[in-house]
Each structure stands twice: as C-alpha cells, then as structure tokens.
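K.L.:
For the sequence shown, my numbering assigns the number 0 to the initial residue and increments by one for each residue that follows.
Please note that a few of the clues may not be correct.
Calculated pairs, SDA-like style, for lysine to any residue (alpha carbon to alpha carbon, straight line, at most 20 Å) [what the hints assert, rightly or not]: (1) K2 - A21; (2) K2 - T25; (3) K2 - R26; (4) K2 - G28; (5) K2 - Q31; (6) K2 - T45; (7) K2 - T24; (8) K2 - R43; (9) K2 - E49; (10) K2 - E46; (11) K2 - V52.
Restraint-style ranges between C-beta atoms, simulated for each label pair [what the hints assert, rightly or not]: (12) E13 - A34: 48 to 56 Å; (13) A39 - P8: 21 to 29 Å; (14) G71 - E46: 47 to 55 Å.
These are calculated hints, taken from the structure and not from any lab test.
Just so it is clear, CB atoms sit at the ideal spot from N, CA and C, and this is done for glycine as well.
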Amino acid sequence: MGKANISFPDGVLEEIDRRAEAAGTTRSGFVQEAAAHYIAELDRATEQDERQVRIERAIAGMREIGSQIPPGPDGVTLIRQMRDAPPRWLEEHGNRRDE
C-alpha cells in the first residue's frame, strides 16, 4: 500500500478526525473511503457526459436523415392507415367468405 503526506487547510484535518471517529474508523480509512467515493463520482460524471454526447450525436444524425427524407405523412398517419387497412391475409384471399 502506498503512502502520501497530505496538507489540509486549517480546520479540515480536525473535521476529518471528528467524522472518522463518529464513523468508527481511522483518519486514513476515512480519507481512503472519501477519495474512493470522489473517484467513483468523477467516473459517473464522465460516463454521464459521454452518454450525453452520444445522445446529441444520435439526435443530430436523425435530424440529418430527416432532412433528406421527402415530405409525406407523419408516423401517426401511417400507423392509422395500417391499422384501418384490411389484414393482408384477407387481401390475399380476395376478400372471400367461406359460407
């Protein structure tokens, strides 16, 4: 395990000692855990930023694709048309009724 000699601003070391004692751990244990939590938070923030960049790129890509598609009915209109159309199997059989 590595060691480090760290300087803290006035009052911070006393606060670390007070909180370490309240948590039932040592000064070193408290600082180690605090550093681990901070590193994990930095990793989460980095992942969130990278995810946001990917989302923005995907949106830009969809806008680019959308700008190249000729105007036509919107998605809701197409879904309604498909919903209201007779089923394909019925069309394939010429709308025959078995009687």
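K.L.:
So, for every hint listed, does it hold in this structure?
P.N.:
Verification of the hints:
no., hint, result
1, K2 - A21, "violated (24 Å)"
2, K2 - T25, "holds (15 Å)"
3, K2 - R26, "holds (13 Å)"
4, K2 - G28, "holds (12 Å)"
5, K2 - Q31, "holds (11 Å)"
6, K2 - T45, "violated (27 Å)"
7, K2 - T24, "holds (18 Å)"
8, K2 - R43, "violated (26 Å)"
9, K2 - E49, "violated (33 Å)"
10, K2 - E46, "violated (29 Å)"
11, K2 - V52, "violated (37 Å)"
12, E13 - A34: 48 to 56 Å, "violated (19 Å)"
13, A39 - P8: 21 to 29 Å, "holds (24 Å)"
14, G71 - E46: 47 to 55 Å, "violated (38 Å)"
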